[in-house]
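Undergrad: What follows is each chain in one-letter form.
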Amino acid sequence: MLARLFGSSSSAEGAAAAEERFAVASQLKLTWWRFRRHRLAVASGIVVILFYLLAALADFLATMDPHDTDARRTYTPPQAIRFFDDDWSLRPHVVVLRARRDPSTFRMVRDQATKVDLALFVEGYSYELFGLFPTNVHLLGLKNPQPSETLHLLGTDRLGRDLWSRLAVATRVSLTIGLVSVAISLFLGVLLGGVSAIYGGVVDTIVQRLIEIIRSMPTIPLWMGLAAALPNTWSVMQIYFAITVIIALLAWTDLARVVRGKFLSLREEDFVTAAELAGASQMRIIFRHLLPSFLSHIIAATSLALPAMIISETSLSFLGLGLRPPAISWGILLQDAQNIEALALAPWLLAAAVPVITVILAFNFLGDGLRDAADPYG
Amino acid sequence: MLAFIVRRSLLAILTIWVISVLSFAIIQLPPGDFVTAYIAQLSASGASVSEAEAVALRELYGLGQPFYVQYAKWMARVLAGDFGVSMEWNRPVTEVIGDRLWLTVLISFAALVITWGLALPIGIYSAVRQYSIGDYLFTLVGFVGLAVPNFLLALVIMYLSFRFLGANVGGLFSSEFELADWSWAKVWDLMKHLPLPAVILALGGTAQLIRIMRANLLDELRRPYVVTARAKGLPERRVILKYPVRAALNPFASTVAYLFPYLVSGSVIISIVLSLPTVGPLLVRSLISQDMFLAGTIVLLLGVLTVVGTLISDLVLMWVDPRIRYQLD
Numbered sequence: 001m002l003a004r005l006f007g008s009s010s011s012a013e014g015a016a017a018a019e020e021r022f023a024v025a026s027q028l029k030l031t032w033w034r035f036r037r038h039r040l041a042v043a044s045g046i047v048v049i050l051f052y053l054l055a056a057l058a059d060f061l062a063t064m065d066p067h068d069t070d071a072r073r074t075y076t077p078p079q080a081i082r083f084f085d086d087d088w089s090l091r092p093h094v095v096v097l098r099a100r101r102d103p104s105t106f107r108m109v110r111d112q113a114t115k116v117d118l119a120l121f122v123e124g125y126s127y128e129l130f131g132l133f134p135t136n137v138h139l140l141g142l143k144n145p146q147p148s149e150t151l152h153l154l155g156t157d158r159l160g161r162d163l164w165s166r167l168a169v170a171t172r173v174s175l176t177i178g179l180v181s182v183a184i185s186l187f188l189g190v191l192l193g194g195v196s197a198i199y200g201g202v203v204d205t206i207v208q209r210l211i212e213i214i215r216s217m218p219t220i221p222l223w224m225g226l227a228a229a230l231p232n233t234w235s236v237m238q239i240y241f242a243i244t245v246i247i248a249l250l251a252w253t254d255l256a257r258v259v260r261g262k263f264l265s266l267r268e269e270d271f272v273t274a275a276e277l278a279g280a281s282q283m284r285i286i287f288r289h290l291l292p293s294f295l296s297h298i299i300a301a302t303s304l305a306l307p308a309m310i311i312s313e314t315s316l317s318f319l320g321l322g323l324r325p326p327a328i329s330w331g332i333l334l335q336d337a338q339n340i341e342a343l344a345l346a347p348w349l350l351a352a353a354v355p356v357i358t359v360i361l362a363f364n365f366l367g368d369g370l371r372d373a374a375d376p377y378g
Numbered sequence: 379m380l381a382f383i384v385r386r387s388l389l390a391i392l393t394i395w396v397i398s399v400l401s402f403a404i405i406q407l408p409p410g411d412f413v414t415a416y417i418a419q420l421s422a423s424g425a426s427v428s429e430a431e432a433v434a435l436r437e438l439y440g441l442g443q444p445f446y447v448q449y450a451k452w453m454a455r456v457l458a459g460d461f462g463v464s465m466e467w468n469r470p471v472t473e474v475i476g477d478r479l480w481l482t483v484l485i486s487f488a489a490l491v492i493t494w495g496l497a498l499p500i501g502i503y504s505a506v507r508q509y510s511i512g513d514y515l516f517t518l519v520g521f522v523g524l525a526v527p528n529f530l531l532a533l534v535i536m537y538l539s540f541r542f543l544g545a546n547v548g549g550l551f552s553s554e555f556e557l558a559d560w561s562w563a564k565v566w567d568l569m570k571h572l573p574l575p576a577v578i579l580a581l582g583g584t585a586q587l588i589r590i591m592r593a594n595l596l597d598e599l600r601r602p603y604v605v606t607a608r609a610k611g612l613p614e615r616r617v618i619l620k621y622p623v624r625a626a627l628n629p630f631a632s633t634v635a636y637l638f639p640y641l642v643s644g645s646v647i648i649s650i651v652l653s654l655p656t657v658g659p660l661l662v663r664s665l666i667s668q669d670m671f672l673a674g675t676i677v678l679l680l681g682v683l684t685v686v687g688t689l690i691s692d693l694v695l696m697w698v699d700p701r702i703r704y705q706l707d
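Protein chains in written order, with our numbering: chain A, 1 to 378; chain B, 379 to 707.
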């Protein structure tokens with residue numbers, strides 16, 4: 001165990017020092033050491049952090065206004081960034097195909113190719129960075145574009161809206177909706193799981209039956225029914241919170257089970273008895289002794305619950321029953337890719353699937369690593 | 379044991395009651411009352427409703443009375459088999475739903491069987507050959523299955539088959555059977571279409587079960603009795619299949635209770651992507667057009683079927699596994 005933690009030390013002195021370090025390390029430190037060994041979990045943690053950075057900087061990274069529609073740009077294919085010119089000199093640019101209407105067939109044709117240079121920190125639509133600083137600077141854009149020249153790294157959708165910019169903003173919505181839902185269900189789970197374990201008896205029975213009832217219901221039809229009943233007149237923000245509450249209301253049961261189980265098993269431990277004998281109050285025992293010892297379990301359970309929340313929101317919005325346009329989320333982006341005709345015409349619409357899968361995988365690996373690390377004495 | 383059966387059945391009844399209240403709440407939630415909307419709908423299509431008929435309708439549904447009275451009236455009619463009228467289709471709800479409910483159950487059940495059929499051998503293989511290439515491969519596939527929401531998987535498979543096979547894989551019947559009456563040819567046609575949606579639906583649950591089975595079996599394989607069996611010269615196949623696998627099966631089998639609701643939920647979503655004739659697309663449409671009696675009935679029936687399915691699986695499990703029975707006594 002120790003050798004695995006610190007690498008095998010050859011001298012007895014080194015081993016003793018390692019043992020000393022291990023013995024005095026706090027639980028949090030032990031958990032961190034254990035987690036660090038889990039390479040995949042660490043890498044996933046980094047991916048998750050990057051995605052939240054993307055969410056925080058969504059508008060800065062967007063290249064165009066995500067709500068800006070233009071019929072002439074309908075279903076523009078993705079433009080690849082090219083770094084070198086024809087003569088191999090360095091010149092980052094994209095090839096913009098300008099659409100025009102063929103005078104004889106009246107069909108839109110894209111046949112006028114122009115090279116347009118890329119530039120960093122260009123001016124674009126106005127937004128507020130972190131919701132605080134009004135600015136209009138974006139990371140990437142076209143250098144002095146003509147009005148008809150636009151940058152579409154991932155192509156455009158049916159209404160000519162830029163997919164990359166929409167994806168950036170959708171990431172913010174989908175990732176925060178997961179966080180808010182998980183916070184609500186964490187609150188419910190810890191409260192009801194804790195109450196159930198502390199009071200026992202009738203309270204415990206009621207909460208346990210409630211959990212069993214919720215777990216045996218098919219959740220998606222119920223979610224759909226409740227979400228569809230939200231009034232049409234509600235604002236985007238109201239719908240957003242209503243959806244998070246609906247998702248959280250049916251998802252707290254797992255967390256409640258973890259909390260209750262841990263509470264019950266830890267209550268029998270010697271250190272709790274010792275604290276009781278030393279005259280510690282009930283509150284002090286719960287918050288000073290019990291809670292820290294299963295905090296890491298709660299963190300692990302939370303990071304495993306988050307991907308489920310994200311999938312729920314994505315599924316609901318995908319069906320047209322979750323967030324509603326003009327809100328942008330991963331589910332809403334995937335809604336455009338729902339029918340085979342649209343997919344055949346514009347396969348790049350499936351791009352929204354990539355962040356969904358990446359984030360959910362990353363959260364699962366991260367949660368697995370945290371769960372293993374949560375029990376550093378095991 | 380009898381006490382357990384009674385308690386378990388009571389819980390199921392309680393669950394069904396909660397689901398029925400929620401379903402009724404879904405019917406009630408949209409603003410405005412049902413009869414006004416129904417009359418407006420009828421007038422729009424040219425039929426007229428007299429004042430007396432309107433009053434009779436209001437009386438029938440108990441409008442204007444408290445929630446619990448309306449609920450009781452609705453429940454009484456539901457128990458008598460009258461689920462109300464679908465506004466959009468202008469036909470009784472039961473007629474609109476028709477075969478779709480049973481097809482939903484069929485797909486969910488097929489997915490359950492596939493989940494077990496895949497997870498059991500793969501789980502055993504992954505545990506016995508821990509850290510082999512095969513184990514890593516299955517773990518990887520399992521994680522992908524876990525991470526990809528099944529509607530997304532359906533979407534990608536539909537795109538790939540359209541792109542490379544030029545075929546539309548949606549639906550549960552060939553076009554010539556879609557409206558035909560039931561016959562053996564139609565059943566055979568259904569059997570040919572069933573595997574794809576069932577496999578898509580099964581994949582998410584399979585990944586979870588493989589991991590559970592692998593972990594359980596790994597715990598068992600380290601037990602001294604396995605070493606003893608091996609030391610006594612039992613053939614490897616018997617050493618593994620005879621005892622550790624059976625011991626590892628218990629938690630595996632009990633997962634069915636939460637797997638079934640999960641599959642029914644999932645089938646609703648993938649049915650929409652693959653345009654299967656199940657209740658899924660009907661539910662979405664009725665919710666969007668606020669055809670609330672249809673929507674409420676579908677939620678209720680799906681809920682009841684799920685609860686009954688879970689109950690049956692629990693009882694069967696108890697019958698099959700003596701350890702559960704002994705624990706209860």
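Treat the hints as calculated values from the structure; they're not laboratory data. The C-beta atom is built at its ideal place from N, Cα and C for all residues, glycine as well. Keep in mind that a hint or two might mislead.
[As the list claims (entries may be wrong)] Short derived list, chain B residues pointing at chain A, Cβ under 8 Å:
| id | residue |
| --- | --- |
| 1 | Tyr509 |
| 2 | Tyr603 |
| 3 | Ile647 |
[Claimed, not checked] Derived CB-CB ranges, DEER-like:
| id | chain 1 | residue 1 | chain 2 | residue 2 | range |
| --- | --- | --- | --- | --- | --- |
| 4 | A | Thr358 | B | Leu438 | 34 to 40 Å |
| 5 | A | Gln282 | B | Ala454 | 29 to 35 Å |
| 6 | B | Leu543 | A | Arg209 | 55 to 61 Å |
| 7 | A | Pro134 | B | Tyr509 | 54 to 60 Å |
| 8 | B | Val605 | A | Arg37 | 55 to 61 Å |
Undergrad: Need the list of violated hint numbers for this structure, in ascending order.
TA: Those not satisfied are hints 1, 2, 4, 5, 6 and 8.
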